[in-house]
Amino acid sequence: MKNRVVVTGLGVCAPNGVGLSGFETAMTKGISGISFHEQLKKLIFSCQIAGKPNIEDVDLNNYFTKVQLKGLDASGLVYGVMAGKDAWRDAGLHTPDTDGDPDWDTGVIFGTGILGVDKFRDAIYKVDAGDVRRLGSTAVIQTMASGISAFLGGILAAGNLVTTNSSACTTGTEAILMGYERIRSGQAVRMLVGSCSDSGPYVWGGFDAMRILPRNYNDDPTSASRPMSASASGFVPGSGAGALVLESLESALARGATIYGEILGGNSNSGGQRSGGSMTAPNSMAVQRCIRAAMANANILPEAIDTINGHLTATTKDPAEIQNWSQALGLKGEDFPMINSFKGHFGHCLAAAGSIECVAVLLQLKNQRLYGNLNCNDIHPDILNTIAETRIPKKTMDYPIKISAKASFGFGDVNACIIFSRYTS
Amino acid sequence: MNEKEKYQKLKTIVETYLPDDVSVDAIAAESNFTTELNINSANLVDIVLDVEDAFDIRLENEDMDGMQTVQDALTIINTKIAEKA
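Sequence lines, in order, name chains A and B. Add 2 to the 1-based position in the first sequence for our numbering, that's all there is to it. Add 8 to the 1-based position in the second sequence for our numbering, that's all there is to it.
You may find that some hints are simply not true.
As the list claims (entries may be wrong) - Pair ranges (Cβ atoms, derived):
no., chain 1, residue 1, chain 2, residue 2, range
1, A, R6, B, A50, 38 to 46 Å
2, B, D29, A, D380, 55 to 63 Å
3, B, K12, A, T27, 54 to 62 Å
4, B, Q76, A, D133, 24 to 32 Å
These are computed hints drawn from the structure, not numbers from a lab. Note that this is a predicted model, so its numbers are computed, not measured. Ideal placement from N, C-alpha and C gives every residue a C-beta, glycine not left out.
Chain A extracted, bound-state conformation (with noise of 0.2 Å):
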């Protein structure tokens, strides 16, 4: 017998609305969460915009113990604890006093590209200027990628599994489908999932190297991130959290907990790095084989998907994309099911991209509403020669939705779909 898995429990902490409540209204009213950095100019990068979760009026001490903040020069893992934390009391969940046993039934899997890049920044400095004795006690913690996990499985008590995956942009979503495995084989009760990613220009430098990033939006930042548009022209860089609770249908039902929707199954795999697929891009094949595995997982047919979140980048690769999900569901022009990005609202929050469009989808699917797209009124030709216009929602609109699926797809040729239902009883 194998356990149902529902989420229960959701936070946020992202480039266009920090907290359930603030995001929810800025992916409504499509609200964008990308501006200009002076000091990315400074610097001198091509693309000088990003998106960055703006945590300003937050207090800390809310999320942190006082010696925890002392030198806490970690963004990811700031981010990662709040929308962590914030998951968890949405849940209905109390977070555990310092003394008493483990939770043995709760577990944490809270993924990330690489952490504490400032941290790290300053350790080096430090260490070259042969000054490594006064590192200080909080390089390690800061710095090692399952700091996160190790945070939030520390705050929670957690006596299950508690671990950080990467693989890149597909992290997030790849965490979820870790979670619900878990819960699914009766190995944990309730799961703490989602990823993170550090802001900067550290964890940015790369990508601008790469010449991905768009160039020419430095004065009209909010117009930058394109996706499924024929003016795409990169993907802007973002950084955040999103974290989901996951937990069996029993303990839900037996907790009276609120129930956001239902995880029927999913499919993470990779492609090999051949038949086109390579350390950056995609193997078309796998990507199909990756959707359908996923909608054979949940058993549904896919006339029975309503909307889909795409990983949609807003690079040339977009229509590649769309010809992937047409050609493995076998659906296009009208039949084909909704389609939107969240990456037009916030850009591409790398490691935590997954996650935090995850609280989206797992948002629409409660408020049977869908988030209109952002910056394509020009979509791109091909895109039309597989899927209705109709199909890709400029506004936000209400709309009736069972099933959604939702995809990420990373560097290293991986990727990771996910079927959500709404739950019904």
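With chain A's structure known, arrange chain B on it following the hints.
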């Protein structure tokens, strides 16, 4: 700087590493940093660095080993200040 001033200065440093559920009033000369004040042993490293900055001295690894209580720290601080003079 007299002994009272030194103690006060050290106490101010130690305060910032107390867990949220330990009161500042718990700090006394004979307090053991880890077993009584419940300070994470990893943070003793940070206390040493702050002490170095505040008293303009340098503590060696061996000095840290003997630093169990607030009084131990004061003794080491005094020794280092005396060595410098």
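Provide an ascending list of the numbers of those earlier hints which the structure does not satisfy.
Nothing - there is no hint that the structure violates, so all of them hold.
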